[in-house]
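A.B. asks: Protein chains in written order, with this note's numbering: chain A, 277 to 624; chain B, 277 to 624; chain C, 277 to 624; chain D, 277 to 624.
Since the hints were made in silico from the structure, they are not lab data.
Just so you know, these numbers come straight off a predicted model, no measurement behind them.
By construction, the Cβ of each residue, glycine as well, lies at the ideal position given by its N, Cα and C atoms.
One or more hints might be untrue.
Sample of chain A residues at the chain B side, in silico, Cβ under 10 Å [to be verified]: (1) Val293; (2) Asp296; (3) Leu301; (4) Arg310; (5) Ser311; (6) Asp315; (7) Asn340; (8) Gly343; (9) Asp370; (10) Asn506; (11) Lys545; (12) Leu576.
4 protein chains.
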Amino acid sequence: MDHSETINFASENYAGVQSDMMQALLDANKGHARSYGNDEYTLEAANLIRESFGADAEVYFTFNGTGANNFGLASITNKYHSIFCSDVAHLYVDESTAPETFVGCRIFVIPSESGKITAEELRVSIKRSGDIHHPQPKVVSLTQPTEYGTVYTIDELKAIKAICVDNNMLLHVDGARYFNAAISLGTTLKEMTTDVGIDVLTLGGTKAGMMFGEAVIFFNKDQSEGYKYNLKRSMQLASKNRFIAAQFTAMLTDNIWHRLATHTNNLAKEFERRIVEVPSVKVVHPVETNAVFIKMSPALHEKMQQHAHFYYWNDLKEEVRLVFSFDNTIEEIDRFIKQLDQYSSDLN
Amino acid sequence: MDHSETINFASENYAGVQSDMMQALLDANKGHARSYGNDEYTLEAANLIRESFGADAEVYFTFNGTGANNFGLASITNKYHSIFCSDVAHLYVDESTAPETFVGCRIFVIPSESGKITAEELRVSIKRSGDIHHPQPKVVSLTQPTEYGTVYTIDELKAIKAICVDNNMLLHVDGARYFNAAISLGTTLKEMTTDVGIDVLTLGGTKAGMMFGEAVIFFNKDQSEGYKYNLKRSMQLASKNRFIAAQFTAMLTDNIWHRLATHTNNLAKEFERRIVEVPSVKVVHPVETNAVFIKMSPALHEKMQQHAHFYYWNDLKEEVRLVFSFDNTIEEIDRFIKQLDQYSSDLN
Amino acid sequence: MDHSETINFASENYAGVQSDMMQALLDANKGHARSYGNDEYTLEAANLIRESFGADAEVYFTFNGTGANNFGLASITNKYHSIFCSDVAHLYVDESTAPETFVGCRIFVIPSESGKITAEELRVSIKRSGDIHHPQPKVVSLTQPTEYGTVYTIDELKAIKAICVDNNMLLHVDGARYFNAAISLGTTLKEMTTDVGIDVLTLGGTKAGMMFGEAVIFFNKDQSEGYKYNLKRSMQLASKNRFIAAQFTAMLTDNIWHRLATHTNNLAKEFERRIVEVPSVKVVHPVETNAVFIKMSPALHEKMQQHAHFYYWNDLKEEVRLVFSFDNTIEEIDRFIKQLDQYSSDLN
Amino acid sequence: MDHSETINFASENYAGVQSDMMQALLDANKGHARSYGNDEYTLEAANLIRESFGADAEVYFTFNGTGANNFGLASITNKYHSIFCSDVAHLYVDESTAPETFVGCRIFVIPSESGKITAEELRVSIKRSGDIHHPQPKVVSLTQPTEYGTVYTIDELKAIKAICVDNNMLLHVDGARYFNAAISLGTTLKEMTTDVGIDVLTLGGTKAGMMFGEAVIFFNKDQSEGYKYNLKRSMQLASKNRFIAAQFTAMLTDNIWHRLATHTNNLAKEFERRIVEVPSVKVVHPVETNAVFIKMSPALHEKMQQHAHFYYWNDLKEEVRLVFSFDNTIEEIDRFIKQLDQYSSDLN
């Protein structure tokens, strides 16, 4: 139902299901299996995740990213707590009032640059611990990579973790595109996670090429008694969970995650290399994973929409986002740049 | 990963994905499509649902049944309202505290017989309308078919709807196995829904053979302004919604729902015909859809577990549930009954 | 503004402020005092409560009973828990959906006789511990005395506490009229509380003669870290808390609580002694504290309303409640009975 | 229990009950009166409020300001809405997570200067109306006077109301010290409220000299069906409401509110006149009602604490707040300034 000619750099959610994932779905569709995650597919996926992230982790699966973030955060907080995140965090700007409904904590935001907050800004934002009138600081929630495709370095993560420890707070990471961050840093998943001291990780599957499904990985066990109950309460427990699990198993087998994230990161890098040559636009954030943000005039954006889908990310600043999915190609970038070049010339 | 020899009458959630549904998933996996339900697959499925249920309906999709019930109920209530359902309703006994968290209304329960409540019992349960100290009656939530596989007749539904109207209340139906009820009554979907005056329907897909996905169909528009926002807030909005929608389209095309529900209802009827001959057990609820509840001793249940999976539904009453999925067969029933017969003889 | 001739047996909330309490308010109105309970009046009242109830208790103050119950229960539960109480508990029938909003747990009810539940009924009601699909049993909430004025004996309390311990649950008591229960049992406050093993007690002040104010007394410290934050979050923390505290200090000084509760219990006993002589009505619940429930025809009730205020408690059963406040008198009972006698004769 | 020598400029909540209010409490303590606000005292107070604020208003009473704000806001919003307020609003920084628990909306903050936001800053902050992923803008909540004692002019209020109207939003005002604002502007209460188009007003009683009690005044009736139920649900409905009502009646009779607010505003003005002469400190916000904020060194603050209570409002900026209550006097200001002068000299 899609015009095959139109290039799609709009969202990984526009892409379908990557072929290995689809094969995994077909393979898992054999006979009966226990429901609600009590099946062997779920056990296998959880074990693979533990192998990659940390032997001691507790692993749960959810349908989507909003469910994963809110289930994870609700499971490690009390209702009088506060959560600190960047002012552009998905949790804060794109999850409606699910946090108020399901987590019930206050969200305090910290100014960000290209999606990242600094340890120092975080440090001065944490206030009034022990003051009954004020929400009590409990969690820092980072997005890695950020909503602008940038990546916290291991040192930056450790500095933020240190602030958490100083303030008796926990570190949550929204990793909707986590694999892309690992490729960008050139680290293992474990180095970017367990070694840093992340307490809870939302590990995205959908944007990486799955049909649906995310994992929530708990390294902190303080309130672990409630994890399983909160999962059901969050309306995120899949009846036929084997189909989420099988996709994660595929993703973590034969380094498929590595291959897919390398591909999409490379597309972004290639796009950046080409786009800097186009005088009418300007790259506005460091390109570190699979997205490129550029300043583009409304006129140009409108013309390009005939050939390619991509979003205005910030109307006021005239910034557009181009994000690359597992099935995007160099050839599409060629076509896109060629077309943009032409319009740019026309406009001049 | 499942022992092919073991018969599974445990749950439709143990079954995998029916082949037409799986084909629909493969077919929908072509190129890019708009996310969050703004795609043509979603439009097509919603239109098909409107054709089957009522031209004026508003249709939303969710991941699972708990999500569907709670999203639907939260969308038509205020926080000071109450919801009336049977004492065995899934909403009440199997959705953790999702109703408290997401809907926020009081749930009042009504005694049931074989899963059904009567209009009269409902009528006397509705109390203290206008009394500020008491939750205010707003919704009656029925399960059709019930958790015991029984079915409200059209007249029973109309009688209950009349009580709703008298009390200025709305009628919600949890239709996790809705197609089976329609087959049982021999009515169209519309006759069982729009003609009765149902205000909100949870239409189950997963138990009918889908990988995941339910629909929430609103016929009442009083608070329709908020439906779409509540969907996102409920953490039930799928990024790649086309894959839920495509399965519903398959289900409602070429009468597949009719064929599947007829098959599973017939299996139950056949099972009932056979089981009444077995002296050691006893059918305890009317068999009206695809489930059979029988009284069976723990000793017998334990022995049978080597050959077939099925659940003790009520330990105290020694009642087990056998439920038939799209991929169960007469041959499995043969084997089951034969085995049961043998154990029964041994025990005597 | 009230017709002095009209007798008021409607509610202790119709009564004003008992003179010692009012004097305490006047005495506390001297100069400035720290706000939000950081004042010496609050410290003194909390110490007096600890003296009476248990040296190790944590004491908080709230504005009203609904606030006290919900603050107390929210402080000892997680959102996936359930609370068990009688089917006539104030918490369940007279606090709107405050429990859903503020506590967020499921309330499961147990059938009661004259307001009381039995240990055995409780025991069989507690189900599905460890089952993720079901709210997890955490608290039993009793009302002492009950909404029907009856009193759990020490042995009954201990039997219920034993069920709690067996099920890893906590025991909360709604003691809106707690002093009346102690007088009825002839025990100290400690014997009825600490010795029984109550975990959280709502201690009522308003119905006992205060202008406003209740205390929540925590004996269990499992989640004590959050008590103070939950108090503020519950919107129950008084700015000028000294005025609640001073009334409690008055109540617990010179045995005033003892005197007041003895007086109101005695009025009920006297009323009962008289009313059993009146043939047209019938006492329907044991009279153990300061309330009497009688079956009375609507015709009689209507006639009596010209002379006395009292409520129909149950329209269907034609039961009225007469409750005695600190300022009610034997003389009013005389007048009431005389009038009732006359109408009774007229009606015969 | 207070050292009579110590001056208290810490908070109006440190002050006790003003004599007219206390007399009203004594006068209202006569016989029985209907509970839960169904009494004649409550009717009289509501009528007086309607006389002062607008004939068409619906009036409810609460125990405290946090209860009033959250009850009011919950009554005019749905759970997917957002509320905009200043970054120093009491609602945002001093009410724990009561807004998340009871209102459930996102709170978005707007930068403020001396506690005030501008219509223009508000205008650019309101975003993504109609976007399902984002909380939907519904209410602007101002504090009048602000937490820094400054006052929005009638024109400023009208400009903000115009932004509300443009965006289909409602205007709530937290008027914990509302009377002081009216005195400051020299307007009637109606001119500052109804004429401006305020939709919901929290009218503070406690800080103005009452023992406890606030009023919530609704001018908008869109969701008025739910107001009374939400009041009970918010745990703010007083059993013996006559005692809140009687104080409001006293406050609005014989212009007592006018006299008290004039007195405290004048004290602040006088304090300002004197303090500008003291070289070691500096007034940092416009003095428009009954509070003065000054920059003061920790050393000086510590020394002054021996003689007077007042709070560090902002440790980082070394700003202290001095706030004047109904029972503060010019003589206390004399003593304070004299003492401060002496320490200032010593330090130089």
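A.B. asks: Against this structure, judge whether each hint is valid.
C.D. replies: Now the hints, each set against the structure:
{"no.": "1", "hint": "Val293", "result": "holds (5 Å)"}
{"no.": "2", "hint": "Asp296", "result": "violated (12 Å)"}
{"no.": "3", "hint": "Leu301", "result": "holds (7 Å)"}
{"no.": "4", "hint": "Arg310", "result": "holds (6 Å)"}
{"no.": "5", "hint": "Ser311", "result": "holds (4 Å)"}
{"no.": "6", "hint": "Asp315", "result": "holds (7 Å)"}
{"no.": "7", "hint": "Asn340", "result": "holds (6 Å)"}
{"no.": "8", "hint": "Gly343", "result": "holds (4 Å)"}
{"no.": "9", "hint": "Asp370", "result": "holds (9 Å)"}
{"no.": "10", "hint": "Asn506", "result": "holds (8 Å)"}
{"no.": "11", "hint": "Lys545", "result": "violated (21 Å)"}
{"no.": "12", "hint": "Leu576", "result": "violated (22 Å)"}
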